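Asks: Residue numbers (the numbering used here), protein chains in the order written: chain A, 1 to 549; chain B, 1 to 343; chain C, 1 to 297; chain D, 1 to 342.
Check before you lean on any hint, since a few could be wrong.
Some chain A residues flagged as far from chain C (calculated, every beta-carbon gap over 10 Å) [claimed, not checked]:
| # | residue |
| --- | --- |
| 1 | V140 |
| 2 | R145 |
| 3 | A178 |
| 4 | V182 |
| 5 | G264 |
| 6 | P290 |
| 7 | A291 |
| 8 | A376 |
| 9 | A402 |
| 10 | T405 |
| 11 | S418 |
| 12 | K432 |
Pairs of lysine-lysine residues, derived as BS3-like cross-links and limited to a Cα-Cα distance of at most 25 Å, are as follows [claimed, not checked]:
| # | chain 1 | residue 1 | chain 2 | residue 2 |
| --- | --- | --- | --- | --- |
| 13 | A | K293 | A | K516 |
| 14 | A | K236 | A | K432 |
| 15 | D | K79 | A | K295 |
| 16 | D | K74 | A | K144 |
| 17 | A | K293 | A | K127 |
| 18 | C | K61 | A | K375 |
| 19 | A | K116 | A | K180 |
| 20 | A | K144 | D | K79 |
| 21 | A | K314 | A | K486 |
| 22 | C | K61 | A | K413 |
Only some residues are given here: those of chain A computed to face chain C with a beta carbon under 7 Å [unchecked claim]:
| # | residue |
| --- | --- |
| 23 | T202 |
| 24 | N205 |
| 25 | L207 |
| 26 | Q211 |
Keep in mind that the hints were calculated from the coordinates and are not lab data. Given the structure is predicted, the values throughout are model-derived calculations rather than measurements. For every residue, glycine included, the Cβ atom is placed at its ideal position computed from N, Cα and C.
One letter stands for each residue in the lines below.
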Amino acid sequence: MTPKISFRPNTRKSALRLSSVLVATALAVSLAACGKSNSNSNTGASNAPKHGGSLTVLEGQGFAGNWPGLDPATDTDGAANMSYMDSIYGELFELTAGGKTTGDLATGYSFSDGGKTINITLRQGVKFSDGTPFNADAVVFNWKRDLTATCTCKPTFPPVQNTPPVITATGPYSLSIALKFVDAPFINALQGSVFNWIASPTAINKLGEKQFALTPVGAGPYTVVTDTPDSELVLKANPLYWEKAPDGSKLPYLKNLTFKSVAGDNQALTAMESGSAQAYEGISTPQLVPAFKAKFQVTAEPSTSPYNIQLNTKIPPFNNVKARQAIYYATNAALLDSSLFHDTYPVGQSFTAPAGLFYEQNVPGYITYDLNKAKALVQELGGLSFNLGTISVPTAISMNEAIQTEWQQAGMKVTLQSWDLTGLIGAFTGGKWEAMLQTAGAYDPGTGVGVCFRFCSTSPFTGVWDKKLDGMLLGAAGTTDQATRKSLYDQAAAYIAQNAYGPFLFPIAGYDVAAKGVGAPGLTSPLPVTDVNPEILWQYAYNNNNASA
Amino acid sequence: MTTTADAALPEVPLRPSPLLEVSDLRVTFRTRGGQVYAVQGISFTVEPGQTVAIIGESGSGKTVSAQAVVGILPRTAKVSGSIKFKGDEVVGRSEHELRDYRGRCVAMVFQNPERSLNPTMRIGTQIAEAIQVHLPVDKDEAHKRAVELMRMVRLPAPERRFFEYPHQLSGGMRQRVVIAIALACGPSVLIADEATTALDVTTQAQIMDLLMEIQQETGTALLMISHDLGLAASYAEEVMVMYAGKVVERAPTKELFAGVRMPYTQALLDAIPRIEAEPHVLLPVVGGRPPDLSEIPTGCPFAPRCPAVQQDCREQAPPLRQHEPGRWWACWHPYKKEPSSHG
Amino acid sequence: MSVPAADILATAVPVPAASAGEPGARRRGVLRSAEIVIPGTVLLLLLFFCFIWPLFGMVPKPVGGLLQTTDLPLFSSGHIFGTDIVGNDIMSRILYGGRVSFVVAAAVQVIGLTIGGLLGLVAAYAGGWLEAVLMRVLDVFIAFPSLVLVLAIADGLGPSEIHVIWALSAFSIPAFAQVSRAAALSLRDRPFVVAARLSGTRTWRIMFTHLVPNMLPQLLTFSLLGASITIIIEGALDFLGYGIPPPGASWGNMIASGQSYISVYPMLVVVPSLFLLLTTICLNLLGDGLRSRWGVR
Amino acid sequence: MNTSVSVQPARRPGGARARRLAGSPALRVSGRRLLAAIPVLWGVTLLSFLVLNALPGDAASALLGINATPAELKAFRIKLHLNEPLWTRYGNWLGGVVHGDLGTSIASPQSVASILGQRLPVTLELVIFALVITLVVSIPLAVLCARRPRGIIDRFNMVLSMGSISIAPYVLAFFLVIVFAVDLPVFPAIYSAPTSIISNVYQFALPSIILALPLIGFYTRFLRADLLEQMQSEDYVVTARAKGVSEWRILTRHALRNSFIGLLTIIGLNIATLIGATVIVEQIFSLPGIGQELLQSISNRNVTVVEGIVLVFGVAVVLANLLTDLAYGVLDPRIRHVRSRS
C-alpha cells in the first residue's frame, strides 16, 4: 500500500482497485506465505500498552491524506480512508494476524444456494455511539442506502454494482444477501469496501447527508471531535465501545487519536522529528527508510502486488510476439532491484506475491534476462522504438528511467511519459499506449487490482485480449475451492510467460512508522494486506509516552 | 558695511560686530569627476535691517554661498573660511548645533514654490512644524501663531487656508507660505534665493513689496540672490556681483548703476533688453560660456570673455579691493569714464 | 513561487529619466562600472559552461546513467557533484538543465516583451475604448490566478518544454503589457512626442521611432528581472508536478524531484539550488546595474 | 496613475474640511472601479471554464476511476451534465452564481460555498500575516538604510534583499523547516488546527515568513530608493532642513509619507501573485487553504470547486485594486481633489 508520494497534487484515488496502481517501493521482509514477525520489530519498548495516551498519525496526501467526507454512502475513497472509517464505524469483518477474515461486528458468514447467497450473523448487544442499537435492520438500511446513493461521489463495489442484489434481514441479528452469480472472494472484497462500515441510521436521518459526512456516528472505537476534510480529523475514545482488551480492560487504550494529512514522506519525517506526530502510515520513498529507521520503529507492510510491464498486444510493435520476447530478454529485474532498492525485493515471475494467496515465485517457461538475445531480436525486427508510460510518482518515474537505460543497451529507442491518475485513465481508455509500468495482483488475485484487471479482455486496462487466458482467470475467481483456484492461477502464470504478455519485476509495499513506545496491530506488527493497504486495528493502538494510567 | 584688512581706506574702529560677517568663504564639492571649486573665497557682511543683493549667472556660486550661510550644504561639500553670525562662528558647527541656528537665526526662501512644500501635508501643519521645531509651544498655540504668520504674509482667509494642501494654492500664495515658514521663529537674516524668479511679473512685485514691508516691521536683514539686475536696482541697498565663485564688484546700488567699473557687470547691464532700444537690433550677449569650476584658471576668470581684456588680465587674477569708499571691484582695467547713463 | 511577477512592475514604475549626472562628472563607460561587469561575466561563464562546454568537454549524458553507480556523494571520482538515485551524473544534469532553464527564461521574456510590450504600447497610445478593452483583457489575466492557468496549460497539454514556455508566458505577457503601457503613457504627453504628432508623422512611425527607443531601457531591465523570476516559477511548476518532464533535466525539476530525498541526499537539492541562486542574483544585479546606468526608476 | 499637479484657481468657500468628510469622491471612485470589475470577473470565470474544458479526462473518469465501464462513464457524464455543450454548462453555472449558488462539489456531498467557507480563512490569514510581516520589517529597514546610505545597515540590507528576491521560496522553505521545526522545535512542521491565539500565531509564523521574505526584498529596495531620491533631490526636503528639522524627522514625517503612495502601487499590484504563491506554502505545510484545494480540484477535474476558487481569486484581486485606489485618495490629496471635480 503506498500513497502517491510527495508533492504530486494528484487526485484522490477514486476506487480501491486504483490505489494499488500507485504501489511504490517497500522492504518485503520474508518469503513466508503469511508475514511472521519481521526482523526489526519493536523488540525494545514492547512493554504492555497503557491506557489514556494520545496519538497523532500522519497520512500521505496523495492517498489516504484526502477524505472529502466520511459517510459510507458518499465516500468514493473507501479503501484509502480505511483508517478513519474503521476508527469511527468499526468493521463487520476484519483481517487478523493469521490472514483469516474474522468477524468484528459480524460474528460469522456462510454460503448457501450454491454460493450465490451469503448469510451473515451479527454481534449482539452492541450500541452505536449515539446510544441507538446496532442490529440487522441497521446493516440492511446501510447497504441499501450505499447502493442507491444519488451523490456523484457514490462508491462502487463491483460484485454488486451492475446487478443489484436482494438484501433481507433474516432475524434481529442476521441477514442475507443474494447475488446473481457466485462470487467466492465476496467476503475478502467486502473487507476493504464501504459495505464493511455501518453508520447509525438515526444519526443519518437526524443530521442529513451533508452534515453527517462531517460528523459521522458509528459503532467503532472512536467518535469524531472535529473534522477538517483533507487536513485533520480529531477523534476521541467512544465510551460505548463494545470490545474488551485481552486483559478485560476497556478499549480503546488511547484517550484521543488525531489523523493529519501530510504532503509527502519528507514532510512526515520532519513532522515526526519535530514531535508534532508519532506515527506515519505508508512511506513510499525507500531512500528515506534509513533516516526513519534511525529514530523510529519502521515496519514493512507485507507486499501483495508486484510491478509488471504491460504490453499492448493490439497495436504494433507489441502485437508481434518477438518484440515482446525482446522485452523479456532486455529486462534485468535483479539489477533494477539492487541499483534502486538495494536488493530488498524478491524478484518474481508471476502476479502473486509472498504476502498474498497462491504465491508462486518461479514460473516454468518464463524468459529470463539475456542481453545478446535481446539485441539479436531487436536487429531481427529492424529496430524497436516505442513509448513507456507510468503514473507520475517519483519512484515509478525513476524505475522507468532505469528500465529505459536497460532497454536502450539492447538497442531499443524508448521515450518516457508519465501522467497523473486522471491522465493515466485517459491514456488507457485511449488505447494508443504501447508499454506501461504498472502493478498487477493483490492479496487475493481475484479482487482489487488483481491479475484479471491487467490481463482479462473485459478490463479497460488490459493489454491482452486472449479468450483462453480469460477462461483460466475468471474460472479461478469463480470457484470457492482453494486448490482448484491455485492450480488455475499457476496455469495462467505459465500461459502469460509462454506468450510473453508482459514481464513481472518484484512486489513492493510501503512501510509504517511509529515512535518508540507507540504500537498497534498492523502499524508495528504486520497484518496481511487486503486489496491495497494493510488494515490497522486502531482500537488496540497505544502511546505509552504520554499514557496516564 | 566695512571691508576686509588691506583696504585702501583706514579701518573704521569700534563698530559693533556686524549681524553676519562672511570672510574668505571657500566651498569645494567632491564628485566622481573630481573637485569642483564652487565658491573661491568671498567676503561680505550684512547689517541688521539691510538689504544686500548678490547677482550672478547660474553656476557663479551664489546659491552655494547662501546654502553655506544657512548650513544646508550636502555632505559632499568641504567648507573653509569663516561665517560669523553675531560674532559666533558657524562653519564647523555640529549638525545638532546647526539645527538650532537654522530657522531661528537665519532662514531661507527658495526659488520654486511649486516644489518647496510637501504635497501630501497641509500647509498649516508645515508652518506649525517650523514654529514647534524651535519654540516650546503646544499644538494649539502653534496653530494660532501659524494663522498669525499667514495673516502677516497677507494670505487671504488664513483660518480656512490652514487646512488646505499646497496644490490648492497659486504660485504666489505658495511663496507666501514659504515666507511664513521662514519667518516662523523671527530670524535675523532672511535669504531669498531667487525667490521671485519662478513667478509672473505682477506676483513678483507683490512678493518683493511684501518682503520690504516685513523688513520694515521686523528689521530682518534681507540677502537677495538673483540674476536680475533690475530687481536688485529697485530693492537692494547694496549690490554684489559674483562670477565663477568670486565677488568681482560690490557697491551701493546708486553708485554702482551710476558708474559700473567691472566689464562683466557692464556686460550684464547691456544684456538687459531696453524698451527704447531700436527694434530688430541684435541683443548684446556676453560671449563664451561660464568657466568650468573644476579647474582654477590663472588670471582673471572673466578674461576669456572680457571685451577689455589685456595681457596682464590673463596672467594674474586681480584681487578684490576697495578702490573708492564703499566701492570694491576686482579688475586691472576698470571702466573709468561714465558709461551711457541708464539704470 | 511566491516571487511576484507583476510586482517587479512596481520597481520599474516609470519616472522620467533622472537628470543628467552631476555637472562635470565624466560619463563612465557603461561596461566599466562594477555593477554590470561582475554579474555579466558570471552569467557569461554560466552560459558558456551550459551551452558550449558539453560540446567538446567530456561531460557524460544527463540521462542513462549506470545503474551500478547510484547515489554517489559529492566529489566522487568521475562525478564531481555525485550521481542521483538513478545513476545520472549530476554535473551533466546541471549543465543540460541549465540550458533548459536559460532557454525557457529567455523565450518567456522575448514572448512577453514582444506581445506584452506591443499590447501595452498600443493600449497606451490608442487610448479611449481600445485601451479600456485591452486593459480589461489584461486585468482578466492578472486577476485570474496565473498559477491555475499555468497548471492547466501544463497539465492539459502534457508537460514539455514548449508547453512550459507557453504556460509561463501567461505570467510575462500581462506583466510586460503593464510596464510598457505605463512607460508609453508617461512618454505620450512629452513635448517631443506632441511635436512629432504636430509635424504630421504617422502614428506607427511615432510609436517606433519615438516611443519605443525611450521605453526600451526600462523594458530591458524589466526583462532581466523577469528572467530571474521565470526560472524560479519554472522550478515551482516542477515542484507541483507540471514542469519539464523527467528524465529531462532542468534546475527546477532537479530541485523538485530532489526534495523527496532531502533528508538523506541533501545534495540533490543543494547543488541545483545554488546554481539557481547564483543565476538569479546575477540577473538581478545586472538588472539593477543597467537600471541605475540608464536612470530608469 | 498620473497625478498632474496643476495650479488651482481660488477655491469656492466650502472648506477642505467639509469636503474631506463628505468623502464623495471615494464613493464615486469605488463605484466606477466596481463597474469595471464586473467584465473582469466574468472574463476570469469564462477563461477558467475554457481552460478546464481543454484538459483531457474529466470529472467522470476521475471519480468513477479505473473499473468504470464505458456505459457507466456515459451515464455518469449525463448525470453531471458534462455531455452538454460548454456554453450551456457555463450558462447554468453563471445563472447559479448570480443567485448566489456556487453549486456542489463533484467529489463530495459538500457545497462549494461550504468548502470555501472552511478553507478561505486559512489562506486569508496567511496572506494577511505575510503582508503585515513584510510591512513591519521593510519600512523601518528601508528608513534605516536611507538614513545612512552606504552605511553598514545599508550594505547588509543590499545583500539580504538581493538574496531574498533570488532564492526560490520552496527551496527556502525546506531549509527553514529543517532548522526551525526540527533542529530547534520552535515552530510546528505541519499545520494543526490552532487551539488558541498564540498557537494560531505559531502555526502561521513559518509559512507567512516564507511568503513574506521575497516581498520584504522588493519593498525594502523600492522604499529605500524612493526615500533616498527624495532626500537628495526634493525641494521640500531642503525647506524642512532650512527649518532646522532633524534628518530623522524629515525621513519619517516628510519623505516616508510620499513614499507610501509608491509602496501602495506595489502592494496593489502583487496581491494577485501573493495569493497564487500561497499554493506552494500550503502544500509544504499542509495548510487547509484554497490553494491546496485548488490543486486537488484541478487534477480531479472538479469543475465546480475550481470555478468557485477562481471566482474567489478574481474577487480578491478586484477588492485589492479597489482598496489601493481608495487608499490613494487618502494618502495623496492631489488625487482626492482632482477627482472631486471630474
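Asks: Now look at each hint and say whether the structure bears it out.
Replies: These are the hints, each one checked on the structure:
Distance to chain C confirms A/V140 as a non-interface residue, since its nearest Cβ pair spans about 43 Å, more than 10 Å. For A/R145, the non-interface assignment is confirmed: its Cβ lies about 36 Å from the closest Cβ of chain C, beyond the 10 Å cut-off. Under the 10 Å C-beta cut-off, the non-interface status given to A/A178 relative to chain C holds; the minimum distance is some 45 Å. Taking the minimum C-beta to C-beta distance to chain C, about 43 Å, the non-interface status of A/V182 holds against the 10 Å cut.
The beta carbon of A/G264 sits about 6 Å from the closest Cβ of chain C, which is not more than 10 Å, so the claim that it is off the interface is violated. In this structure A/P290 is not separated from chain C by more than 10 Å, as the shortest Cβ-Cβ distance comes to only about 7 Å. A beta-carbon of chain C comes within 10 Å of the beta-carbon of A/A291; the shortest separation is about 5 Å. Once the 10 Å rule is applied to beta carbons, A/A376 is consistent with being away from chain C; the minimum gap is 22 Å.
Separation of A/A402 from chain C is inadequate, the least Cβ-Cβ distance of about 5 Å not exceeding the 10 Å criterion. With a least CB separation of 5 Å from chain C, A/T405 falls inside the 10 Å interface cut-off, contrary to its annotation. Look at A/S418: its CB is around 7 Å from the nearest CB on chain C, not clear of 10 Å, so calling it non-interface is violated. No beta-carbon of chain C comes within 10 Å of the beta-carbon of A/K432; the shortest separation is about 13 Å.
For the suggested pair A/K293 and A/K516, the alpha carbons sit about 11 Å apart, so the restraint of at most 25 Å is met. With a C-alpha separation of about 50 Å, the suggested pair A/K236 and A/K432 falls outside the 25 Å cut-off, and the hint is violated. Taking the CA atoms of D/K79 and A/K295, the gap is about 51 Å. The hint is violated against a cut of 25 Å. Between D/K74 and A/K144 the CA atoms are separated by roughly 24 Å; this keeps the pair inside 25 Å, and the hint holds.
Between the alpha carbons of A/K293 and A/K127 the distance comes to roughly 41 Å, so the proposed pair goes past 25 Å and is violated. A C-alpha spacing of about 22 Å is found between C/K61 and A/K375, which places the hinted pair at or below 25 Å, so the restraint holds. Using a Cα cut-off of 25 Å, the hinted pair A/K116 and A/K180 holds, with the two alpha carbons roughly 7 Å apart. A threshold of 25 Å between alpha carbons decides the hint, and for A/K144 with D/K79 the separation of about 21 Å falls inside it, so the pair holds.
For the proposed pair A/K314 and A/K486, the alpha carbon gap of about 29 Å is over 25 Å, so the pair is violated. Among the hinted pairs, C/K61 with A/K413 is consistent with the structure: their alpha-carbon atoms are about 16 Å apart, no more than 25 Å. With a cut of 7 Å, the hint placing A/T202 at the interface with chain C is violated, because the nearest CB-to-CB distance is about 43 Å. Contact between A/N205 and chain C, as hinted, is not supported at the beta carbon level, the nearest pair being about 40 Å apart and thus beyond 7 Å.
For the restraint placing A/L207 at the interface with chain C, the shortest Cβ-Cβ distance is roughly 34 Å, beyond the 7 Å limit, so the hint is violated. The interface hint given for A/Q211 is broken, as the beta carbon of that residue sits about 30 Å from the closest beta carbon of chain C, more than 7 Å.
The structure fails hints 5, 6, 7, 9, 10, 11, 14, 15, 17, 21, 23, 24, 25, 26 (numbered hints given earlier, in ascending order).
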